[in-house]
Amino acid sequence: MENLDQLRNQLLAAVAGAEGLESLEKVRLSVFGRKGLITERMKGVGALAPEERKDAGVALNAVKQVLADAIDARKAAFEDSGLEERLESERVDVTLPARPQADGRIHPISQTMDELLAIFGEMGFTLAEGPDIEDDFHNFTALNIPEDHPARQMHDTFYLPEGPDGARKLLRTHTSPVQIRHMQKTPPPHRIVALGRTYRCDSDITHTPMFHQIEGLVVDRHTHMGHLKGCLIEFCRAYFEVDDVPVRFRPSFFPFTEPSAEVDIGCKRGGGRLKIGGGGDWLEILGCGMVHPKVLANCGIDPEKFQGFAFGLGVERIAMLKYGIPDTRTFFESDLRWLSHYGFAPGDVPSMTGGLAR
Amino acid sequence: MKFTLGWLKTHLETEAGVDDIARALTDLGLEVEEVIDRAAALAPFVVGHVVEAKKHPDADRLTVCIVDTGGGRVQVVCGAANARTGMKGVFAAAGVRIPGTGLDLKKSVIRGVESAGMLCSAREIGIGEDHEGIIELADDAPIGAPAASVLGLDDPLIDVAITPNRGDCLGVHGIARDLAAAGVGKLIPLSPEAVEGGFENPTGVSFDFTNDAADACALFAGRAIRGLKNGPSPDWLRQRLLSVGLRPISALVDITNFLTLDRARPLHVFDADKIAGDLTVRLARQGETLQALDGKTYELDPSMTVICDEGGVLSLGGVIGGESTGCTDESVNVFVEAAFFDPVRTAATGRKLNIESDARYRFERGVDPASTLPGIEAATRLIVELCGGEASRVTVTGAVPEGASAIRFDLKRVMALGGVDVAEDESRRILEALGFGVSAMNGAIEVRVPSWRPDIEGEADLVEEVLRVYGYDRIPAAPFAKEGVLSKPVEAPVPRRRRQAARALAANGMVEAVTYSFLAEAQARLFGGGDPRLTLANPISAELTDMRPSLLPNLICACKRNADRGSPDLALFEVGPAFADDTPDGQGAVAAGVRAGASGPRHWLAPGRAVDVFDAKADALIALGAAGAPAASLRVTPGAPAWYHPGRSGAMRLGPKTVLAHFGEIHPRVLRALDVKGPICGFEVFLDLLPAPRQRDGRARPALGASPFQAVERDFAFVINTDVGAEAVVRAAQSADKKLIAGVSVFDQYGGEELGAGKKSIAISVRLEPTEATLTEAEIEAVSASVIAAVNKATGGVLRS
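Chains as they are written, first to last, in the numbering used here: chain A, 96 to 453; chain B, -2 to 798.
Fair warning: there could be bad hints in the mix.
Stated by the list, open to error - Below, simulated DSBU-like cross-link-like pairs (lysine-lysine); rule was C-alpha separation at most 30 Å, straight line:
1) B:Lys479 <-> A:Lys400
2) A:Lys389 <-> B:Lys409
3) A:Lys389 <-> B:Lys479
4) B:Lys485 <-> A:Lys417
5) A:Lys389 <-> B:Lys349
Stated by the list, open to error - Derived Cβ-Cβ restraints for the label pairs, each shown as a range:
6) B:Thr634 <-> A:Pro256: 32 to 38 Å
7) A:Pro284 <-> B:Asn535: 36 to 42 Å
8) A:Arg364 <-> B:Asp407: 43 to 49 Å
9) A:Pro284 <-> B:Asp685: 39 to 45 Å
In case anyone wonders, no lab produced these hints; they're calculated from the structure. Beta carbons: idealized from backbone N, C-alpha and C, even for Gly.
In isolation and in its complexed conformation, chain B is listed as follows (with noise of 0.2 Å):
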């Protein structure tokens, strides 16, 4: 919302400067975007009379200029359709920096027509959006004065942010009511201004809503203005417009214009002469359309309230208006309709025909109802002003809508919620200052809620009224307090998981990412996604359009994109949530990494190598270990989802159903799919599969028991089945002696032909730890025995010879 410090002076009666009145509507929480003063920016730009205009010998649409700047006469060429003999713009001599382009004006020569300066659009000179041609000041406007101060430029502008629920503030006089009640000046009140009229209105206007749609328009005034004479509005109206950026347009669209920038109350005026018969007000029917003002023709449904004559649809109220009954300068006869529509049905019908006007920011904001009948009679006073006619009487159809009823206020809310103590007069004061009716009820105040504060429902919107105009900065801070002294862990034990797995894995050498939740339909197809019901019906690109159903795409592509810009060797990781369906369970928590290239960076001491499925085990046992999975009892079982290489590849297990790790290397047809170089490996830990803590008595862990006796280690090497697992050959090992063996570890694999077909050999080491007395050899021969039978009863493994 933006208006001028001369624009509030008209409705607030005050000495304030610009700077203070600023920091007061910012404290009363309508939020200064900027304060511009363009007097200083504008200086060059000065009124220049076009003495002639003449069409370019050689191109159509362009249009030499001879200007009288006040200090001479200068020739332009101009490109705007409307520059024409005898009219006043703003002119900008060569060498003048245009705020709209940023550029220095040259003098040049314009299909061989020597131009040496500019007529400007309020775009060029930075006062506006438009550019649909140059700005057209009044014809008295003095030939060499300075076009910011013809412009009302040298008035400060002022640009506020107005929040939602203040509907109220987006008009000039809303602004003034605020900043009175915060004691910056004296609200002048808005004048009574009806206009007697004349004559009966000739149009009849009647409802045609069902019970359900009652609602969409509860009342509409109408009331008809004859024999007016159209034409450019005076300068003063011109210059309000213009001050705020908008290009005046006719004296009948200005008004309309104004009352809605000053009071916050849309308008709209039909031509009368072309209404066919009486008005109807009602919901437009499936396959209705109309042209619309905006040059653009809307398809409408029966959601959407519209005014209509016996030959159809006229406009879409609240929203607006239509070509076939606009005004024009030729206009002689019109309709005046001032209405207030349903704020709900208004902004559905904006945004679903995606049309934004200040007819419907304002309606889906809340229009004052009662601002109806005052706001017909300020534009019917202001047209027959400034174009002659004569009013009819107004009808009326429907009333004003009941307001909320009024609200039991108890002051001491203002302490208990607000938690500063106000004087309950200055509390009733504020209320009385911004409209509010307060008369005494027992132990509180019962307040009535203005009409045009639709906002206002119960005793917190009432707190923070008198809040906002005291001041939050005179609320005292209160010490926050919490129950003891001492910090309890912020994490339930789940989510800690998260935050242990990343710093483990970072700890590891990899770098943590974090990308987004959404990837592109392929790639979800790739790694098991593609479920239609994860497919956003409203992507920002096609880029991203499905939820994730693993981490993994995003971080392969991570690894691409620093390939590209030659880091092709990275362990990149990423904890966060994957997505198998829209439910809340069917969102899960991931720690998910990939390496790419070679496992470091070339050494004079480490030969490199490429990545593989072990380091991506090792990453995954990282992540598993930090996130406290119990490590003793997983399981690795050969093969990952589609994604993975088949024969390079694992899951993690525990128990015979939970999978609580994959990890291998990407199957490299995925990666061809991804258009990215091999080789990568990469892993996933679905960290909230992992089993909950076990409750325990206590912190204390076991006793280390120790042995004083010496440990004793032995190797064996058994030959096996290329299909049995190492780990079946540890576990049966283990198992030939729990008490005594301590640990069983593999340190050599060997796959030579000698062993025969289908045969490798796995090299284990045993270390014994007796407890009681040091072991004999004999002792040690018949646990080795029992390893050896145990391997062999599980794997069918031989002791090698």
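Chain A on its own, in the form it takes in the complex (with noise of 0.2 Å):
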């Protein structure tokens, strides 16, 4: 037995001395090659008498357990300090830039839609739709806006040539025809919201010749003008995120809504800024009423039983509003730097649970 122990201490001497990776595999080798002493000696212990193969092979297993886990640490640290050395050699400048992604925005007229869409897709308004070239009936008649009303020359009216047929299209200056495309399709209820183009000759700091509207119509047998308040009022402090900005409602006069309103958000003015909420100023920002009878007869829907209201108001005016937008001209200008500026990130989709805007 001590030719055993002295045979480990040897060996465990040997493993220690190695000085690399390469002469530690001899040491292995010469220990548990083929012809390893280890090796050699385990062969001895199956030529011994069997009563004393069992302690032999106790302890020889246990030398040849000792001498693996030290050959095995030994080839640890050998590695360990070889890795070191070559990750120590890969080190590279981390704050050079990294791979370029290009950066997406959405335009803010879109993202505004895509607001308004889902306070009111909240509220059980669908999205309806109709052309931006209109006829004088849908864009006008229809609306309760004859011919030579002074209400059409508020309108400046882009023209079409006129047809074989003596009528010109038009493009539409508002999106309330879509209503009448709506109406005169499906039966009511009505609860339905329009968004869109539309255009005006018109064309200075704060008018350009194209501009987008929302629109909506609910039509029933119930609806008055208390749930026409209740609706805009909840739209306001939803849309501008200001939980109690004062709302308010003015007579008017629009000839497809009688009575008519037109409705101003409480802000405040000053230091060259303005701020939605209180602070004793008004801004007008909507149009709106309860249907005339005669549209809802021009749709051939019967006014002694049905009613309702419609509102309108324009996307650039309240993006501009809440955004703080200057100019509604840079709208349509493609400048690379007002987009990446006031433009929105992909993936900020506006939802009433989600949140509308970050």
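Quick one: dock chain against chain with the hints and give me the complex.
Okay, structure coming up:
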């Protein structure tokens, strides 16, 4: 047994004395290789008498385990020191810029329209659509704006050339013709919004020849002006994300509503900035009213049985107010700097439950 | 509509202050745009007396005035034609800021003559538009007194926006009536002012209308006043006009202007000595002209109402008077007209001839027809009072047109439509205060509409009348409930695609633009447009004449503008309409995008490269995918419309007919025509041509069926003719064993000379996914052989050796 202890110590010393992975491998082979010292001894155990064999085997296995552990440990130490050297040599400047990712943007008009859809969708409205190139009937006549009515002049209409029948198409001056098309197509009740491009031949600092509107229409048997107020007050508070924004309804005139109202929200001006909320000043943001009985009748709906409200507002205007965009003309200039600054990340999809704006 | 508090108080007995009145006006629907207290702003301006005015020695148009300012005499060089000795004007000393110009007045030397102040026009002191001459004050204006009080401008000015339905409020009296109904004061009734005629009106008046034009002028009242003397108006009248920015001219003109503003009653005064014979009111004849009081000559047509004498047209009814019979300071005998002209015809005439007059403005919004006779009496009384003379009896031709019949009004409609419970007595009181006649009717009331409210046609109008006086703010907001609790999708699937495409393109690094729906005709032509039916009849500029046939030209021009600003590398997209014709079906929903310059910023890891057709192809596929196009069924064919590079463009098709997208590099000739530097690539995806999403029995997806056996990939390179598309090789390989082959991808293409002329090599990787057992070498060999055979059969391609 002394012999075995001696061997163990001798071999452990050899493991400890190895200078690198290569010489350690030589030591390993001299111990565990086909002709290795431990291998040979293991063979010798088989030759012993059965009663001696068990004890000798146990002792030898113990030594074998100790040596194997020592070699593994020594090997890991050699490998570690090599890895660290290599990693040290692989050092880079991590302050260099990462691979470029282009930053896409959603235009403020699209984002605002998505916000409007999120709010009005929550109130049970669905989207209705109509063409940008309209005819006189849908844009004016059906909306109770007869020819030569002064209200038509307020519209600064773009016209297309006269057709063979003498009629000329026009570019819709508001989204209201979508109401007409919808009411003609489907029976009441109605609860729709229409969103889209509208056109007026007007261009100055506050007007562009094209702009966007959203239009709402509710027709059923019981909706009255109180509901109109309830709907629009909730809308103003949700859109501007100001819970207590004052909302004022003023009598006004639109040919397609009766009674009619304009809606102002409370704001505060000062220091070159405009803050939505209480503060003594008023800002007009939309027009609305109860659908004119003639408009209902023009669409084949009995005004004795059905009633409801309609409203319309400018998308650019409320986007400017909410996001502090100063000039309406800049919306359409496609200036990359403007789009990047006022645009929205594609992942910021507005929803009432997920948040309207980040 | 502008008026002063003092003027209002001639019609309304009230103690209310200007702020309360302004608030009440806005609450009534007469929106106050501005309340101006000009006394403060005009403090430095005083009454100056021109004691001497001489022609400037070196300038024909200038006058050198010596002005007594109350504090001393000052020399002023004045450019106004009406500056003259003895007049009184508004004087500003050096150092005073002039509101009209925003500049501080300085002492100066004008053509060698010193000028130490200024005599001001209405525009210069900011009280009107008039800049024809300097303001002339009454002779008895105290020298040195504040000009504001002499001008009546210490009276706050209220500017109200009148909606087109409220012609009755284009006169101060109508505004007072509304305020009285709202409890702000007591309306002072117009006193009966009839002037007894002393002799027969010598000028006969007759109508000459065909039946279909009988309403052009329903009523015409006229009378002569002889032996009067025209001249400057008295102070009170001059001040009234000046206070709202009008320049007093002469008593006769001032009286008509005053009654127009005071009672919304336009009138006209002819110089009777210039009228030849009797008057006829009729439609104009083609070719007739009128030299009008604004100095312009108008060509008339048979849609316009004119007043003629035996010599021809004297005036355009309801629009403007004529020069030939205009009153002057020398007028002695006049003919006063008050009439009721058809609103629609008057509006059309004014618009055709582009004449904006106070009369037209009122007639087209509805003048009270019943005010015709009281109007001529009021005018007569003022003329006789201010100018003297003797009035004839009134000749009345026609009659006051019949008003609307009475309206049955169920007062419960106020609650049902208006949402607020107004006591029935209060509703009746409001209507009566506004001048409506109210009488009981079983279960409802009968309402007679006053002649000045042609806008009131039915119950809804009456509800508005009650509500606006009662107060919109007193309507309680009611909860706007919806059916059920949860929200439903707000959009149908098709419009939803637009939003989905936009978000996906932005997520792919593109920036969304919104551009105009119209563009210049030349640009439209480059992109398949130029159809005259889509050319605006009244474009706002030569750059915006045609409805766009494509979204690309605007986006390409946006690239140029950005490049000019130093950003040549960019990726823009837009989702919006393009127009093929003027029908609703001719409008398509398109997602289009362009990339310009380099594919990305210069970067230390990624060498730059120019954008190309495959960028556009990827963008198109992203838009299509997000919009829900069936990607597996799409076929790509080479070639696209003429604005694309013929060899570097393609179409994405669904079936033989439907083209869902075009993509490619933009044709260099098109870029040159747009004056844009390339390279630019782009795509157009036609969103509304996508098939509707399939109706399914639910949202469940098919079972995954992932195989437990190892997948194998095998690579093949085929030599094919250069005109064969890689897509054909991929599809052929896929078809070789539909069950086993899970995917085929192209990983290389090569066109070396050793392949032979007209040949190229396409390398594909085929992925095999066994479902029953691990593939043996023999099975793999068998599949490979069928891939090679299938490709060969479909494309003629052979395995590259």
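Hints the structure fails to honour: Of the numbered hints given earlier, the structure breaks just one, which is hint 9.
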